[in-house]
Amino acid sequence: MHSQALRRERALTAIEKSIQATLDAHSEYMAVLDARWRERVATKFADVSEEASDSASLDGSENTKEAFVEA
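Here the working numbering is used: the first residue of the sequence shown is 368, the next is one more, and so on.
Derived from the structure by calculation, the hints contain no laboratory data.
Ideal Cβ positions, reconstructed from N, Cα and C, are used throughout, including at glycine.
Keep in mind that a hint or two might mislead.
Label pairs and their computed distance ranges (CB to CB) [stated by the list, open to error]:
hint, residue 1, residue 2, range
1, His-369, Arg-407, 56 to 62 Å
2, Gln-387, Val-415, 48 to 54 Å
3, Glu-376, Val-415, 34 to 40 Å
4, Lys-411, Ile-382, 51 to 57 Å
5, Glu-383, Thr-410, 38 to 44 Å
6, Ala-372, Arg-405, 46 to 52 Å
7, Arg-405, Ala-381, 50 to 56 Å
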């Protein structure tokens with residue numbers, strides 16, 4: 368009985384470690400996706416700001432929501 372309980376405990380510990388490793392890898396993956404998303408959003412807003420600034424300097428209009436929607 369003792370050996371069976373010990374094997375069960377070791378198996379559960381191995382499963383727990385495997386689950387924790389999977390969760391850690393998933394967290395790392397999500398952090399990379401989040402960083403890429405933030406970079407894309409920042410780039411998109413930078414592009415919109417530049418385009419809006421260019422058009423504002425040409426026609427005197429201000430930066431509007433429509434400028435972002437068009438981009």
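Against the structure, the hints:
Checked against the given bound of 56 to 62 Å, the beta carbons of His-369 and Arg-407, roughly 57 Å apart, stay inside it. In this structure, Gln-387 and Val-415 break the distance hint of 48 to 54 Å, their C-beta atoms being roughly 42 Å apart. Glu-376 and Val-415 have their C-beta atoms about 58 Å apart, which leaves the hinted 34 to 40 Å range violated. Look at Lys-411 against Ile-382: about 43 Å separates their beta carbons, and that is not inside 51 to 57 Å.
For Glu-383 and Thr-410, the Cβ-Cβ distance of about 41 Å falls inside the hinted range of 38 to 44 Å, so the restraint holds. Checked against the hint of 46 to 52 Å, the C-beta distance between Ala-372 and Arg-405 comes to roughly 49 Å, which is consistent with it. As the Cβ distance of Arg-405 to Ala-381 is approximately 36 Å, the hint placing it in 50 to 56 Å is violated.
Consistency with the previously given hints fails for numbers 2, 3, 4, 7, ordered from lowest to highest.
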